[in-house]
Amino acid sequence: TQTVSQSDAHVTVFEGDSVELRCNYSYGGSIYLSWYIQHHGRGLQFLLKYYSGNPVVQGVNGFKAEFSKSDSSFHLRKASVHWSDSAVYFCAVSVASSSFSKLVFGQGTSLSVVP
Amino acid sequence: GALVYQYPRRTICKSGTSMRMECQAVGFQATSVAWYRQSPQKTFELIALSTVNSAIKYEQNFTQEKFPISHPNLSFSSMTVLNAYLEDRGLYLCGARSSGNTLYFGEGSRLIVV
Numbered sequence: 001t002q003t004v005s006q007s008d009a010h011v012t013v014f015e016g017d018s019v020e021l022r023c024n025y026s027y028g029g030s031i032y033l034s035w036y037i038q039h040h041g042r043g044l045q046f047l048l049k050y051y052s053g054n055p056v057v058q059g060v061n062g063f064k065a066e067f068s069k070s071d072s073s074f075h076l077r078k079a080s081v082h083w084s085d086s087a088v089y090f091c092a093v094s095v096a097s098s099s100f101s102k103l104v105f106g107q108g109t110s111l112s113v114v115p
Numbered sequence: 116g117a118l119v120y121q122y123p124r125r126t127i128c129k130s131g132t133s134m135r136m137e138c139q140a141v142g143f144q145a146t147s148v149a150w151y152r153q154s155p156q157k158t159f160e161l162i163a164l165s166t167v168n169s170a171i172k173y174e175q176n177f178t179q180e181k182f183p184i185s186h187p188n189l190s191f192s193s194m195t196v197l198n199a200y201l202e203d204r205g206l207y208l209c210g211a212r213s214s215g216n217t218l219y220f221g222e223g224s225r226l227i228v229v
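For the protein sequence lines, the chains are A and B, in the order given.
Each residue of the first sequence is one higher than the one before, starting from 1 at the first, in the numbering used here.
Each residue of the second sequence is one higher than the one before, starting from 116 at the first, in the numbering used here.
Hint data in this document are derived by calculation from the structure and do not stem from the laboratory.
Please note that a few of the clues may not be correct.
The calculated SDA-like cross-link candidates involving lysine to any residue, where the alpha carbons are at most 20 Å apart (straight line), are [what the hints assert, rightly or not]:
no., chain 1, residue 1, chain 2, residue 2
1, B, Lys157, A, Val88
2, B, Lys172, A, Ser97
3, B, Lys172, B, Pro183
Which stretches of chain A does chain B cover? Using the computed rule of at least three CB atoms under 8 Å from a CB of chain B, they are [what the hints assert, rightly or not]:
no., segment
4, 27-39
5, 46-54
6, 101-109
The model shown is predicted, which means the values in this text are computed figures rather than measured ones.
Just so it is clear, CB atoms sit at the ideal spot from N, CA and C, and this is done for glycine as well.
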């Protein structure tokens, strides 16, 4: 059974600061790792995903994430946040056995950006 | 770009009545559709996976009798919540999978049961 853990429930930073949102997973097989953003009352917006190749993947709006097999991690980073980045961020893993359509989500990290 | 439209955005229904929601993939062909429910506590549950011309696979605790799904083509899917009660409330999300194995979600259909 695959699991996804986001260790920080809430993160608060000032506008212009950098931020790292942490994600650790447990699964030994072929997987996709993804990040999604959910603004209040809205649906899930796809940010980026990793399957293979360069462990650093670039996403939308300046976000990037780095895969580490040794740490079983896929942390999300942004160099300079904007107040509009305030939202809940979900890390997710999907496996080949489900045709990559079944996502297991982390608990979510609520990011608050103070203007 | 890849977009997923869901309709309606929100429904308030009386306990015991039903709600139908629709999902439309725009700009890509959805090789499969996954219906999720996000609880008020923000956790996600997969309801079912649907692939055109294949049987719909329901997860444990979800049944076709309660959540019938129609998936007639590569761009459209619908799901109904029959006999809705308080425990069925939440945000129902449709995720459409692209050929590149990215799952794109719509804005969701929020079910409020009174």
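Legend entry - Hints violated by the structure (listed by number, smallest first): Violated: none.
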